[in-house]
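Protein chains: 2
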Amino acid sequence: MSEATSRARNRATADDVARVAEVSRVAVSRAFNPHASIKPEKRDRILKVAQELNYTPDVAARSLVTRRSHLVGVIVPDVCSPWESQEIDALTTALQAEGFATLLFKTRTDRSMDSQLLTYMKGYNPDSVIAFTENVGPEILGQILDRAVPIYVSYPHEETIEPIAPGPRFDRLDVIQRDGIDQAIALMQGFGARRFAYLAGDPHASASLEREYVLRQVMAARGLGEPLIVPSDFTYDTAYRATIDLFRIGDGVDAIFAANDVGAFGVLDALRHELGLKVPQDVKVVGFDDIAQSHWKSYDLTTVRIDLDERVRALVRLILRRLKNPDAPALSETIRTKLVVRGTVG
Amino acid sequence: MSEATSRARNRATADDVARVAEVSRVAVSRAFNPHASIKPEKRDRILKVAQELNYTPDVAARSLVTRRSHLVGVIVPDVCSPWESQEIDALTTALQAEGFATLLFKTRTDRSMDSQLLTYMKGYNPDSVIAFTENVGPEILGQILDRAVPIYVSYPHEETIEPIAPGPRFDRLDVIQRDGIDQAIALMQGFGARRFAYLAGDPHASASLEREYVLRQVMAARGLGEPLIVPSDFTYDTAYRATIDLFRIGDGVDAIFAANDVGAFGVLDALRHELGLKVPQDVKVVGFDDIAQSHWKSYDLTTVRIDLDERVRALVRLILRRLKNPDAPALSETIRTKLVVRGTVG
DNA sequence: TTGTACGCGTTATCAT
DNA sequence: ATGATAACGCGTACAA
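Protein sequence lines, in the order shown, are assigned to chains A and B. Those letters in the first sequence? Residues 90 to 435, per our numbering, in order. Those letters in the second sequence? Residues 90 to 435, per our numbering, in order.
It is worth saying that the hints were derived from the structure and are not from the lab. There's no promise every hint is true.
Note that the list lumps identical chains together, so a pair holds whenever it fits in one copy or between two copies.
[What the hints assert, rightly or not] When the alpha-carbon atoms are kept at most 25 Å apart in a straight line, the in silico DMTMM-like pairs for lysine to aspartate or glutamate are as follows:
#1 K386 / E315
#2 K128 / D268
#3 K137 / E187
#4 K131 / E111
#5 K413 / D167
#6 K131 / E301
#7 K137 / D235
#8 K137 / D203
All figures in this text were calculated on a predicted structure; none of them were measured in a lab.
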């Protein structure tokens, strides 16, 4: 009576369930905890009453005592770029299956990680944090967050066993890019390409810088000399204009390796619709990521693939392993790339 | 000493700050609450100590007593489809600016809203819930969530003042689609199109059904007869195949209105790369949404625009108004559409 | 297996 | 303006 009216809304609490089911409040708690010992029939009765009362345990209250928020913070500069949105999609699905919710944070468009944002996020006590942003060191992340061990996606030159560095702890997903890049260059070389350009991504992004580094290594090993570096920023529009500028100067480039697929689309459209060049006859183009749009007929892009499912599975493994053993030394997972051949080389 | 070692990690609490700053714990709380009355110099000292100790108020603990989680649940079937990812991006940015974090949930791919998912989400006590999914009634949403008043995006035929319906409360964002659709048909008609097809979206999506309804109205008003309905599901691949089937049958369609831009891309690619037809000479094409990809040169799509910023601002307004007055009757905001003319009609 | 008592970190209330 | 105390909803050590 009075208890029902005094409550702001019809939110049921564990006490309400206990009262109706005529058990103690602790029993209700145990009914919702699979590991607790409680007589099965008692649990069933409690769960039934809970459903009738539309009761759900309060995650916030629970996390206060269990020190587990079941929240995973995901930090991205742009949710709307295809690669990132596809990764967030897959990640959210996988996390949901494991009982975690995705807490999404956006950095500013200049990709400078705001320490205010981190402070803000810290208040939510995420169990784990995945940083896609390229320009925040794991040191800073680890310093600001306390409970969570951040996961950092890195693109090492070589597959090496890194020494366990002193300082703040963080887990790593290493993406070895060499395989796919080597296959891409080999394919273009095999079809007669000689003068290569690299359409870069954001100059602050380690993904782009490491791609360039590996590209140089691979080309040198194949006796192909230095690639021409074309600055860009992962976006379609910049790639489009950069390509036009490149050919206005008239450099006789016959192969363009783009740091990402969206950039490659800009290259293709500039070549075909602005410069009147044919792909792959006049210029060969390869992208990076293999986003869903890359198989669209207007592009039909040959590209270096990062397997999204594999990548997400590795991230989830890292999260679960870390939560199971919070004090373990730095963890890491490794994935590789491979070339997907379509119509822009040949 | 003992208090420092006993703590699992270096997580500082309000008590720690209070001790170091030599004030009461309540003062620390007030220092972080802008509305609280506290001597400015005292607040400054507390904030300084807090920063030294790397202290941030715990949102979970706070929400327990304030009944505000500062969480907004966003439910989508696919994060990775361009329109939705762009909306989530803008929404997250806007919410972050208002002090809310985005809690992301994915429904299953068959778009059937899982009641288990809702129960799961309820545990987080979101202050508001935005449902993009088309096949969950606000009744169900409102029944399962208790504290939050859900926001439902609807596509009414006409701009009418709906009577305040009895039953569960929910707020609405009404998207009036007529203007843009009428402009699109007028433009195509003006350029000589006579036989129209509607490439539908997901058959369960009210957005698609309402677009079809308005399209029929508009065409009838213009003496254009019935459109040919082509079933699809918002995706590129289905639109591509559906378009090929449509012309294999040989129906002499000279204008296609697609339920969304991605579908229109599939139409364009099928027409040009598979059927050898020219756009806009042989067939005129109009899309819906005006996603970022629509201005890409390969598509250069004429499309009905839903202004994303305007839409997100309306959503945020709804959230803030509802939180300021939890017991207000159903709120609603209205936005309109307009045609963006590019190269696929003319 | 069951229940009592306590603590998680914070804010609201009510004194002063 | 300030501080003591009582919640908020839940999990768990401990005793029974």
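Violations among the numbered hints, reported as their numbers in ascending order:
Numbers 1, 2, 5 and 6, in rising order.
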